[in-house]
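**Q** Keeping their order, the protein sequence lines are chains A and B. Quick note on the numbering used here: the first sequence kicks off at 1 and runs consecutively. Quick note on the numbering used here: the second sequence kicks off at 1 and runs consecutively.
Hints are computed from structural coordinates only; laboratory data are not their basis. Treat each hint with caution, since some may be false.
Straight-line distance between alpha carbons at most 30 Å, and here's what the computed BS3-like set of lysine-lysine pairs gives [stated by the list, open to error]: (1) B:K10 with B:K73; (2) B:K73 with B:K138; (3) A:K18 with B:K87; (4) B:K87 with B:K10; (5) B:K48 with A:K18; (6) A:K69 with B:K87; (7) A:K18 with B:K159.
Label-pair distances were calculated between CB atoms; the ranges are [as the list claims (entries may be wrong)]: (8) A:G33 with B:P81: 20 to 26 Å; (9) B:K87 with A:D59: 19 to 25 Å; (10) B:T23 with A:E46: 32 to 38 Å; (11) A:E46 with B:R128: 46 to 52 Å; (12) B:D67 with A:D59: 52 to 58 Å; (13) A:K69 with B:E82: 45 to 51 Å; (14) A:S63 with B:P99: 52 to 58 Å; (15) B:S2 with A:D23: 46 to 52 Å; (16) B:R45 with A:G15: 24 to 30 Å.
Ideal Cβ positions, reconstructed from N, Cα and C, are used throughout, including at glycine.
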Amino acid sequence: MAVVVVPSLVAAQAGGNKRFEVDADTVGEALRGLPVSDLLLDERGELRRLVNVYVDGVDARDSDGLDTKLEPTAEIRVIAAIAGG
Amino acid sequence: MSPVVLVGTKKGLFLLRGDDARTSWEVEGPHLTGWQVFHAVRDPRDGKLHAAANNWVYGATAQRSADEGRTWKRSEGLGLPEESGLKLTEAWHVEPGHPSEPDTLFLGGAPGVLFRTDDGGTTWEPNRALLEHPTREKWQPGAGGLCCHSIQIDPTDAKRMAIAISAAGSFLSDDGGESWEPRNTGVAADFHPEENPEVGQCVHKLLLHPARPERLWQQNHCGVYRSDDRGETWQRLDKNGLPSDFGFGLALDPSDPDAAWVVPEEGAENRVTPDGRLGVYRTRDAGESWQLLENGLPSQAWAAVLREGMAYDDRSIAVGTQSGSVFVTSDGGESWTEAASQLPPVLSVELA
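Bound conformation, chain B alone (with noise of 0.2 Å):
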């Protein structure tokens, strides 16, 4: 099957579809149109088609495509119960489960809550332990709202799940989400009142890798970090040669745990890249350098690259903007190809 990226825009959901060499990309759709793709991934176990799609009117579905986006079928019945006191407002992220666990996927949304379905998509349950979690009362929606937006499961074990909220912080489950502990200390909240409050950090970004599953990565409202003990503690990184703190994008290399790609803003006060052009930051040292890459990318360019707006697989990484641009590299970011140009507002990329 030909490489496609999945681009979910503002207006809808957008197929790239590259050759064998992913140099030369087709714009196919849009799909879902009239619908807020925040988030589109291809279930790698069935090749059917996930989207978390909103609508200002309408509200927050999922949604699923079983023939490459031309039909959808959503959801039934997604919502919160009565007694959480609390309604969904969006679907941020789709997270295909466990290998073991082939009709498993889970969704992420606002406010600050996982769903579970184990029939593929029809039907999706609220996680308890993460609705009812002791720390509820603490967490402070960030500008996209308490969104639970990264769901990582551990490849070695399908009850080991990493999760991030904004702004909760990271929360790491051993039982398949039965239980949900945090997981901050060390990471800055400069926002916040407390020094070292246990919750209440601005995760933008977290990224398990894959082969070294206790390595965790995160893009932060107040930094870049690493954690090489399941997020027990972690290591700041961007003072070691990105220009700012600030970001939201973050890939990984499935073959070089020590490998990590992310593309800084200005800061939170002035959300683009620095200095007028847009360039992706390298490390192959697990942070202890980062190199500029922006060969291919624009040298004008105000961009503004959204948490969802990053993806990679086993040869590429894609990048998509704000602008409705989507850029992808197969030799690590020392290249980059324009795949797509003057789509809506890109809120999400996939590799699928």
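Only chain A is shown next, with the shape it has when bound in the complex (with noise of 0.2 Å):
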């Protein structure tokens, strides 16, 4: 199973939970089955703009997006761009 984890803001809107198994084959798969993934992605499907993903450490911007595909023990990591106010 492929792990994500999330920032401590979005795990606080999945009931503290930071950690997320699932069973995907690509990044997009992954995040739709998250509880929190209207958080991560925008009423099109699209990632947001200041939501930054990495799997095994790799931009999945610089892969295939939402595209790019998970071996099977892929660790996706969330995390914020920096910005704010």
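Two chains, each in its own frame: build the complex with the hints.
**A** This is how it looks when you write it as structure tokens:
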């Protein structure tokens, strides 16, 4: 199973769960299966602009984005871009 | 239940719990930490809290709490249909629906959109008539985006609604939102290339008087106005003694349709209270004259009160500033108590 790790603010919206085990072939499939998918993907299913996703340390946007293939043991880290105020 | 001021801030939601006299307040929270709470309200029909909460990274959400803010549930699938070509950018204002429709609430957002829920906030449907309004291409965003920030429901008829969008103007519906008619005749739009445009007015806050629902008040980018005919015509009131035409917040007295309170700011180019102090202005003669109220308000202040930064109930008025203070009056503004200070910048207040 691949693992998705989300930031604490997102985890707070999922009952405090920070790590999710997912059975998914792609990044998009993994994110869409999360109970917080709406915070990471917009209403078109596109990755929100300031949400970065790293698959085993590689920025998914530098691969195939949401179509990036996952190894069965992949670790997907969701990290917010440096933004705010 | 003790009185509560719900304070939406740039860094979460605070609850100020007051004593029965409403002179002593305790700060509770923050809840929804990490979220900018543009507006939060208690649904008087079931006591639940609802919040329009936004985050730079994670977008716009509508959230609800059945336990005074300790835990929250996020609505499902909040967004705009693909064929609209639009995406939801911010949630601005939650308005509980008419008492005859206990599970119905409305949510205003950007870009100039309105949602309705009929299941207490679990799912929301965008209002098609507004989304596809024939004048939409003429709407222009203000500094806060193209936001639908005011939603008012006529207590005598659930189908009669008034909304306002900055900068599109005021719109009224007689059919529960199946159609929307612009109601901006006589409202200035000094920034607009046309002299009297049908739409494009920059309403900052629109309120309907609950005891006289044909009477509307608005604080606009270009003046303060009152309408006695559901927006068919508007009378400008800021020349009658206000220090400026510019401001955001607006409060009414549910027992006196002739009363209103505003917090003028210097102007669009310098959005702070004039004369280096925080002053609230009141009319009790339907805007024929205005009286400065400052007892208990800071005599040295360059404050800014946002469009959701003023609220009223049958006893009190609350004012929240971007400097993180909340002031409450329970004698019509004759005296004010600082209920909280040093909060994050206040985006909204509601008395609950």
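**Q** Check each numbered hint against the structure and report the violated ones by number, ascending.
**A** Hints 2, 7, 10, 11, 12, 13 are the ones this structure does not satisfy, whereas the remaining hints hold.
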